[in-house]
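Peer 1: Fit chain W to the known structure of chain E by using the hints.
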Amino acid sequence: MEKRVIFKGIWLPLLLVAPQMLITAVFFFYPAGQAVWQSLFIPDPFGLSMQYVGLGNFEYLLSDPYYRASFLTTAVFSTLVTVVSMGVALYLAVLADRLIKGSGTYRTLLIWPYAVAPAVAGVLWMFMFNTRVGVITWYLGQLGYDWNHVLNGSEAMGLVVVASAWGRISYNFLFFLAGLQSIPRSVIEAAAIDGAHFWTRFRTIVFPLLSPTTFFLLVVNIVYAFFETFGVIHTITAGGPQQSTTILVYKVFADGFVGQDLGSSAAQSVILLLVVGALTVLQFKYVERKVHY
Amino acid sequence: MADRHTGMVEKRGAGLWLTHAGLILGVLFIFFPIWLAFVASTVTQPEIVHPPMPLLPGDQFLENYRKALVSGINAPVARMLANSAVMAIGIAVGKIVISILSAFAIVYFRFPGRKLFFWLIFVTLMLPVEVRIVPTYEVAARFDMLNSYHGLILPLIASATATFLFRQFFMTVPDELAEAARVDGARPMRFFIDILLPMSRTNMAALFVILFIYGWNQYLWPLLITTDPEMNTIVMGIKQMFPSGDDIADWPVIMATSILAMIPPVIVVISMQKLFIRGLVDSEK
Numbered sequence: 001m002e003k004r005v006i007f008k009g010i011w012l013p014l015l016l017v018a019p020q021m022l023i024t025a026v027f028f029f030y031p032a033g034q035a036v037w038q039s040l041f042i043p044d045p046f047g048l049s050m051q052y053v054g055l056g057n058f059e060y061l062l063s064d065p066y067y068r069a070s071f072l073t074t075a076v077f078s079t080l081v082t083v084v085s086m087g088v089a090l091y092l093a094v095l096a097d098r099l100i101k102g103s104g105t106y107r108t109l110l111i112w113p114y115a116v117a118p119a120v121a122g123v124l125w126m127f128m129f130n131t132r133v134g135v136i137t138w139y140l141g142q143l144g145y146d147w148n149h150v151l152n153g154s155e156a157m158g159l160v161v162v163a164s165a166w167g168r169i170s171y172n173f174l175f176f177l178a179g180l181q182s183i184p185r186s187v188i189e190a191a192a193i194d195g196a197h198f199w200t201r202f203r204t205i206v207f208p209l210l211s212p213t214t215f216f217l218l219v220v221n222i223v224y225a226f227f228e229t230f231g232v233i234h235t236i237t238a239g240g241p242q243q244s245t246t247i248l249v250y251k252v253f254a255d256g257f258v259g260q261d262l263g264s265s266a267a268q269s270v271i272l273l274l275v276v277g278a279l280t281v282l283q284f285k286y287v288e289r290k291v292h293y
Numbered sequence: 001m002a003d004r005h006t007g008m009v010e011k012r013g014a015g016l017w018l019t020h021a022g023l024i025l026g027v028l029f030i031f032f033p034i035w036l037a038f039v040a041s042t043v044t045q046p047e048i049v050h051p052p053m054p055l056l057p058g059d060q061f062l063e064n065y066r067k068a069l070v071s072g073i074n075a076p077v078a079r080m081l082a083n084s085a086v087m088a089i090g091i092a093v094g095k096i097v098i099s100i101l102s103a104f105a106i107v108y109f110r111f112p113g114r115k116l117f118f119w120l121i122f123v124t125l126m127l128p129v130e131v132r133i134v135p136t137y138e139v140a141a142r143f144d145m146l147n148s149y150h151g152l153i154l155p156l157i158a159s160a161t162a163t164f165l166f167r168q169f170f171m172t173v174p175d176e177l178a179e180a181a182r183v184d185g186a187r188p189m190r191f192f193i194d195i196l197l198p199m200s201r202t203n204m205a206a207l208f209v210i211l212f213i214y215g216w217n218q219y220l221w222p223l224l225i226t227t228d229p230e231m232n233t234i235v236m237g238i239k240q241m242f243p244s245g246d247d248i249a250d251w252p253v254i255m256a257t258s259i260l261a262m263i264p265p266v267i268v269v270i271s272m273q274k275l276f277i278r279g280l281v282d283s284e285k
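Quick mapping for you: the protein sequence lines, in order, are chains E and W.
For the first sequence, this note's numbering begins at 1 and goes up steadily by one.
For the second sequence, this note's numbering begins at 1 and goes up steadily by one.
Hints listed in this document are in silico derivations from the structure and should not be mistaken for laboratory results.
Incorrect hints may appear among the rest.
Covered stretches of chain E (in silico footprint by chain W; criterion: 3 or more residues with CB under 8 Å from a CB of chain W, positions within the stretch not fixed) [unchecked claim]: (1) 16–29; (2) 52–66; (3) 78–87; (4) 147–160; (5) 245–259.
Every residue gets a Cβ at the ideal spot worked out from N, C-alpha and C, and that includes glycine.
Extracted from the complex, chain E is given alone in its bound form:
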């Protein structure tokens, strides 16, 4: 699509794009290029020179059991976060959609946790499940269950999943509710008159019609779980215990800044870059399709 009416001039438009171009070049293209470049080298033990190793960093990474474990951890983590937050959000949105009035009030009550930073959500959940002072830990103790996410990897995973999904429910709820409300009432009422019960209607009509929203949210939530949950992980578990919650983004940080292993960290960045690229292509394909509807 192009505008028919345009203004003349070359210097003015170049001047107008200059600020964005400059910032993007310095803080985006240069660092991204550096990541690719650095991924091909390893620094010597004294950090004085770099040795070219080709794809050595990648080969090393892909054979590194810790890195492979981190891939698996990321897959488990992002699947759980996506399923939990979308599941709860869909359930609430379906309920809110059934109300003739009052769904606006619930929307107001449910959307504002979107504003709570993942890192703050992490602190809140870590407080409730704190091994010494946590209220829920204490009640679980009364019930005879000894909660300790500092030592138990599965409990740590459960906690970071719930904390990450919790803050995300609002966002998914908002899109699901909008999706549900855009389904024509007449279609659903026709099915109801034909005697289709709620569950049948949901399964055969509502859910299929909701699929563009669901698919869009799926991609967006996976991207969220991959990248934006860093704050949750860092505040609650710092990747532990025994790396059981070290997702890929956390490992880039841990190896690059804590471990100072720049070559490996850069190679990990490049791998993540490919993952994001794939997800973006997926999303744009989908958006493309939606436009053609």
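Peer 2: Relative to the frame of chain E, chain W by itself:
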């Protein structure tokens, strides 16, 4: 679901109450962690470290919040709030300004490199700062941007979402407006300032809400770039308030800080709910 035996689409009677009950359960699940944090910010340290802590607020509200705001733990929380405000507003305003200017250029001019520029921006949609974090940090360090506001802001506005949004919007502006401006002999910048900017007000406001929250909630970047506690933002500063090792955390002050960290973005979301929803839907299109 609650009632499978009626053909009703909306719920009445018992089904209606069950629907409300389900929603209220959801609201409670969302609220409970925040309620607990609020209660913890109003009681004394001994009440928390001897569990279970109370579930109703105590009388230490003023004391805890005063302590947090004025002295904090590493730096006064008032100072961290100010840093967060500068960062969030800087990111929102900065990104809107550079984006609307370049979108104007891309849509209303034909100039060499336009296509290339368009694609260069397009690529930036893909890559969150988390992925290029180490080299971006090196760039910031080389430019002496550690512990500075521009160091907090600039690397985070290098992305093109806003440019795309404005481009989409400008495409829907009727050509007749630009035509009329041109016939009247108006210079491009007159047209931009007198016609396009006022028309973009709602879009800018919606974008501001989204970007403000995005900026306020940043964690990893401030964590790397602000080593001086005086430059910490509140969201990343909370974690720094926990003692290392076995010392016991000052829970009331930390929880007061957590509540303070939520208040500004929550106010923005609730008071500008319509703009917020619009911004969210627009920016994900």
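Peer 1: With reference to the structure, classify each hint as holding or not holding.
Peer 2: Hints and how they fare:
1. 16–29: holds (count 11)
2. 52–66: violated (count 0)
3. 78–87: violated (count 0)
4. 147–160: With 0 residues in contact (Cβ-Cβ under 8 Å with chain W), the coverage given for the segment 147–160 of chain E is violated.
5. 245–259: holds (count 5)
The structure shown violates the earlier hints numbered 2, 3 and 4.
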